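S.K.: Single-letter residue listing:
There are 2 protein chains.
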Amino acid sequence: MTRPLGDRIRVQFERQILSGDLPPGARLPTEQEIMARFGCSRMTVSKALSALATAGLIERRKRAGTFVARPRVHSMVLEVPDLAPLIAARGQTYAFRLDRSEELAVREGHLAGRPARHLVGVHFADRQGIAVEDRLVSLAAVPDIARADLAREAPGTWLLRHVPWTEADTRITAVGAAPQEASLLGLSPGDPCLCVERRTWRGRDPITFVRQVFRGDSYELVAHFGPGAS
Amino acid sequence: MTRPLGDRIRVQFERQILSGDLPPGARLPTEQEIMARFGCSRMTVSKALSALATAGLIERRKRAGTFVARPRVHSMVLEVPDLAPLIAARGQTYAFRLDRSEELAVREGHLAGRPARHLVGVHFADRQGIAVEDRLVSLAAVPDIARADLAREAPGTWLLRHVPWTEADTRITAVGAAPQEASLLGLSPGDPCLCVERRTWRGRDPITFVRQVFRGDSYELVAHFGPGAS
DNA sequence: AATTCAATTATGTCTATACATTAAATGGTA
DNA sequence: TACCATTTAATGTATAGACATAATTGAATT
Chain D
1 MTRPLGDRIR VQFERQILSG DLPPGARLPT EQEIMARFGC SRMTVSKALS ALATAGLIER
61 RKRAGTFVAR PRVHSMVLEV PDLAPLIAAR GQTYAFRLDR SEELAVREGH LAGRPARHLV
121 GVHFADRQGI AVEDRLVSLA AVPDIARADL AREAPGTWLL RHVPWTEADT RITAVGAAPQ
181 EASLLGLSPG DPCLCVERRT WRGRDPITFV RQVFRGDSYE LVAHFGPGAS
Chain Z
1 MTRPLGDRIR VQFERQILSG DLPPGARLPT EQEIMARFGC SRMTVSKALS ALATAGLIER
61 RKRAGTFVAR PRVHSMVLEV PDLAPLIAAR GQTYAFRLDR SEELAVREGH LAGRPARHLV
121 GVHFADRQGI AVEDRLVSLA AVPDIARADL AREAPGTWLL RHVPWTEADT RITAVGAAPQ
181 EASLLGLSPG DPCLCVERRT WRGRDPITFV RQVFRGDSYE LVAHFGPGAS
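Going line by line, the protein sequences match chains D and Z.
Numbering-wise, the first sequence is residues 1 to 230 according to full-length UniProt numbering.
Numbering-wise, the second sequence is residues 1 to 230 according to full-length UniProt numbering.
Because the hints were derived from the structure by calculation, they are not lab data.
One thing to keep in mind: the hints can contain errors.
Copies of the same chain are indistinguishable here, so a pair counts whether it falls within one copy or spans any two.
[Stated by the list, open to error] Listed next, the in silico SDA-like pairs over lysine to any residue satisfying Cα-Cα at most 20 Å (straight line): (1) K62 x P115; (2) K62 x R114; (3) K62 x R3; (4) K62 x S218; (5) K62 x G91; (6) K47 x D144; (7) K62 x P4; (8) K47 x A64; (9) K62 x H110; (10) K62 x G186; (11) K47 x R8.
A quick note: this is a predicted structure, and the numbers were derived from the prediction, not measured.
Put together the whole structure using the sequences plus the hints.
M.R.: What follows is the structure, encoded as structure tokens:
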């Protein structure tokens, strides 16, 4: 039942910092004082403080002591949900269809100078087009993509299941719907859309680049910041 | 010059995992084997592995061993920078101006049922309007807001410096510029804009609610996921 | 064959100690 | 006063050992 001592120490300071009891810049007790207060060894205190330091809540300076960090740029956690379950949760039926207007829209392309498969398709919720997707998948990194049944499963979902990535960059902008996108989504050209561009890597090898254009009136991204672990 | 031993151990496995040398699900050597290989004590190995575990790269199971985690990554880190330094970095001059059209645009409002100050203003880069901001600041949580010189400093910047928050929810959508917003930003009504709505709390007390509408053609959000520390 | 129970093995936490590292504080000297 | 070397108080890293905890394995029992 009782949590590890190190955790208790960490949580105590976490609370004091988040409540504002210990304001930014405030000095924490020295490790000696803390180990005396909790009746434990210094390693235990040090590990607890190290955890807070890597979490960015405190800053440790030799000889000077340990201080509550001053919040700088705020980074928050952005949820990047898979579309299918998201739409299902809204009580709608999800579908993905490759755009067949250009011979199945499976063509060749290039990703970071290497050959890649080029896929264009549309995400649907109850027959309503929700997003247009334009994707490049590296053939070197993902040879299996040739055998995947992409008529049924969205390429993103398939990739997530088959080729876990380790690094990703995402760029979020607002754009006006291009004429082709507008017709696929049932909009007028120029209507506001949320554009999400993402590159993913596994180690140093590029996996995929995708540009998704969402109807502005039916999609939103949600980010949260808060004391994650407790 | 030589890095701490624990770091070397951590970096070695980091590389093997990110390169795919150790694929997801693979088992790492036991702590005993690692300490034998590096000629160090078990605590050192354990600390290195703990760091990798909190970073989410590996998963440790008692009795079974340590395994490379399967990246089930639906969330990434979104940087929410302060506008002023961002624009300065682009070589432009930043300014914030309260909208004076409605008696300084400082009025009363309500935030979560409590009295709040209501501020409307525009962010500028080189005299060009970049974003319209509509903000409520709780008077109970931030009484000092009454004395703040908000003509010069943007309320967001002021708040960040004076009232660090501990929790925030952000909602990102694409909208068409409303007529008033369009005229403030030099756009036509309906032009695509990125809308960021954020609520922040300190503990349980609501601090502020802000709705920012950015010109779609000159602002973007960037999110990143990856092995943070190296 | 199914179930229960105990042994084993790996990680999880903690102690007490040692020495290294760094930057603030001190004090002497020009 | 200004400068520079020295001291020193704090964190940083590491060790070797101890016991705790949990899950798998395998043996004993039903």
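S.K.: Hint by hint, note whether the structure agrees.
M.R.: Results of checking the hints against the structure:
1. K62 x P115: Answer is neither: 51 Å inside a copy and 44 Å across each miss the 20 Å cutoff.
2. K62 x R114: Neither way: K62 and R114 sit 48 Å apart in one copy and 43 Å across, limit 20 Å.
3. K62 x R3: For K62 and R3, the Cα distance is within 20 Å only across copies (18 Å; inside one copy 29 Å).
4. K62 x S218: This pair counts as neither: shortest intra-copy Cα distance 51 Å, inter-copy 43 Å.
5. K62 x G91: neither (54 Å within a copy, 37 Å between copies)
6. K47 x D144: neither (44 Å within a copy, 38 Å between copies)
7. K62 x P4: between (27 Å within a copy, 16 Å between copies)
8. K47 x A64: within (18 Å within a copy, 25 Å between copies)
9. K62 x H110: neither (50 Å within a copy, 45 Å between copies)
10. K62 x G186: neither (61 Å within a copy, 52 Å between copies)
11. K47 x R8: For K47 and R8, the Cα distance is within 20 Å both inside one copy (12 Å) and across copies (18 Å).
The structure fails hints 1, 2, 4, 5, 6, 9 and 10 (numbered hints given earlier, in ascending order).
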